[in-house]
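Undergrad: Required output: the full structure, derived from the provided sequences and hints.
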Amino acid sequence: MMRRWLVAWICGTCLTAGLLLPVEQTLTLRPRAAGQDVFVSAPDLHVIEGALLERLKNGAGVALDYHLALFAGSRTVARRRSYERFTLSYDLWEENYTVSTLRSPRSAASRLGAREAEKWCLDHLPVATAGLRGDEPFWLKLEIRVARGKPSEEWLSEGGVNLGRLIDALGGKGEKKPEEWVREAGPFRLRDLAQARMP
Amino acid sequence: MRLTILSAVWFGMGVLCAQAGPGSSLEVAGNVNARYLVERAEIQPESLQEKLTQALLARVKALPGQAFDAASLEELAERMRKQLPSYQVVLKVARGAERDQLRVTFELIRKGSGPEVVVPRFGYHSKQNFTFGADVNGRFGEMVLSAGALTDQDELTERYSGIRFGAQRRGLWEDRVRFGLGVELWRSQWNPGVASALAAPAEGGAGEQDLELYRTRTQFRPFVAVRLFEPLEWEAGISMHRLQMQSPGARHELSSAAYTSLRLVRRWKGSEAEHRLTADYEFRLGAGDLGSDFSYRKHQAGASYRLESGNDVLIASAMAGWLNGRAPLYERFVLGNSRTLRGWSKWDVAPLGSDQVAHGSVDYSYREFRVVYDAGSSRAFGGMRKLRHSVAVGYGRGFGFLVAFPLREGRVEPIFLVGMNF
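Taken in sequence, the protein lines are chains A and B. Each residue of the first sequence is one higher than the one before, starting from 209 at the first, in the numbering used here. Each residue of the second sequence is one higher than the one before, starting from 176 at the first, in the numbering used here.
Note that these hints are calculated values from the structure, not bench results. From a predicted model like this one, the values you see are computed outputs, not experimental measurements. All the pointers check out, no bait thrown in.
Pairs of lysine to aspartate or glutamate, DMTMM-like flavour, derived with a Cα cap of 25 Å:
| # | chain 1 | residue 1 | chain 2 | residue 2 |
| --- | --- | --- | --- | --- |
| 1 | A | Lys265 | B | Asp244 |
| 2 | B | Lys561 | B | Glu330 |
| 3 | B | Lys226 | B | Glu250 |
| 4 | B | Lys561 | B | Asp523 |
| 5 | A | Lys265 | B | Glu214 |
| 6 | A | Lys265 | B | Glu253 |
| 7 | B | Lys226 | B | Glu483 |
| 8 | A | Lys327 | A | Glu257 |
| 9 | B | Lys267 | A | Glu257 |
| 10 | B | Lys257 | B | Glu349 |
| 11 | A | Lys349 | A | Glu388 |
| 12 | B | Lys286 | A | Glu262 |
| 13 | B | Lys561 | B | Glu584 |
| 14 | B | Lys267 | A | Glu387 |
| 15 | B | Lys267 | A | Asp299 |
| 16 | A | Lys265 | B | Glu282 |
| 17 | B | Lys267 | A | Glu302 |
| 18 | B | Lys444 | B | Glu217 |
| 19 | B | Lys236 | B | Glu483 |
| 20 | B | Lys257 | B | Glu410 |
| 21 | B | Lys257 | B | Asp455 |
| 22 | A | Lys265 | B | Glu273 |
| 23 | B | Lys561 | B | Asp385 |
| 24 | B | Lys257 | B | Glu217 |
| 25 | B | Lys444 | B | Glu253 |
| 26 | B | Lys444 | B | Glu250 |
| 27 | B | Lys226 | B | Asp350 |
| 28 | B | Lys267 | A | Glu388 |
| 29 | A | Lys265 | B | Glu217 |
| 30 | A | Lys327 | A | Glu302 |
| 31 | B | Lys286 | B | Glu317 |
| 32 | B | Lys236 | B | Glu405 |
| 33 | B | Lys267 | A | Glu303 |
| 34 | A | Lys265 | B | Glu250 |
| 35 | B | Lys302 | B | Asp523 |
| 36 | B | Lys267 | A | Glu262 |
| 37 | B | Lys257 | A | Glu262 |
| 38 | A | Lys265 | B | Asp275 |
TA: Here's what the structure looks like:
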């Protein structure tokens, strides 16, 4: 009798714990078609927060590299790709964001909130769908990374080689973990996508 | 594979466009705050300002009234990090008291005082073999303790190997004064050429016969150093050596010398170039009054100028020394190593070292490619003064290699050097 109660108690505890434990959410991209291009939105993806937000609120300008890849037929070789570098800064007096593209012709927007600035970047990252049939399944992968400066050789100076810093540099410990965000979603079909106005 | 290459290209974009320091995001053009003016710029704590160069301080003081330039501020912070390696530099920007103005603060925070392992010397020379050393340095409040091991066949005519310990007290008189003590225990090994030169009849006849090889030497060196003003430091101390001679009976001799030195380091920046000037002078006096078995006077002066502009680095340096009296072998001047007359072997130039030397060097690098020209003149034991030249080409600054050739008639044997800071 006692044993049954014990087994029941363990099962119940595990079940409750399993229900309460945070389950990894499936993070999605929402595609929309606009002419011969596909754009994405990522409502759950917030880039402007944490360390990046701190740097922006400290007056720094930040470069963000965006990469959107479209996979069809194969999940390893991208059919189409789109790259863009956006520059972002936070107006310390107006308390809003300014964002611009680096490629010519340059586009820019100012007086944006954080979420609006993030959305503006995605709205300026089209990936072409030329050659993709309406019923052909495809997947999308979005990667965003904070552009970084060249690491300096702090481990080597006139005083000699600092072994601790050298080991850190070789092990990547000296460098901060790169700030990057990745989202994948699919399969989608062109015929199912809503046609949106060009941004 | 293609995906990997493309991803690498994409992620490499950041590095190719690099401008900023380690760990920082890339500062970009088009920062909206560039339309504001700097209202105030300060370094916290103020007491650390003295440790920075006047040129850097002048740039910080010139910031108020200028347009806010995040890239330029990050560059200043990076310079502070280089000048004060034991401090973290945090750049903080906030709204100023006046509308459309910003307040800039460089916050200096001392890094943890844990011990650090440093390799001060590492190199290979095709005539001299390896030189290698490692030190452990630790800072405990204002005390700096160090311990290390070294085997060096580059600096002197001998290979000396052993251990060394040091203790320094800093932070006195507004961090202008430091004093310390060094203890070194070395075992000496001699190239056969040195022993042959000692056995050979004296070339000049003056002093050569007084030289003796030693097996070990133990140094005890108390010193005090005072920063007279920002770029100039004065140091004085006594260097006491106990030598165990190689002669039968393993007798000991003492070599004590009082020394004083001046050292100047100055950096400044022009519109497109960075300049660095270092100069030093040292006088050593070995005298019987200090309990020394050796009596001599040694003067040594050197200067070096470094100009860096874009991908070009030019270093011009000169050194001269003069020694008078009976000095132990470790005090004698050496030309023909990894820093002087790089195409020559020091045992070919003067196996027992020189009494008088003059040396000049021009070192030019474009990106990592490097060309060095050395010229040196030496004289030993009243013999003939001889001028020698050499050229070297190589790759890598800081850490790299050089192939050096003596400029002379007859057979030329190149010397290969690899290592750091030579």
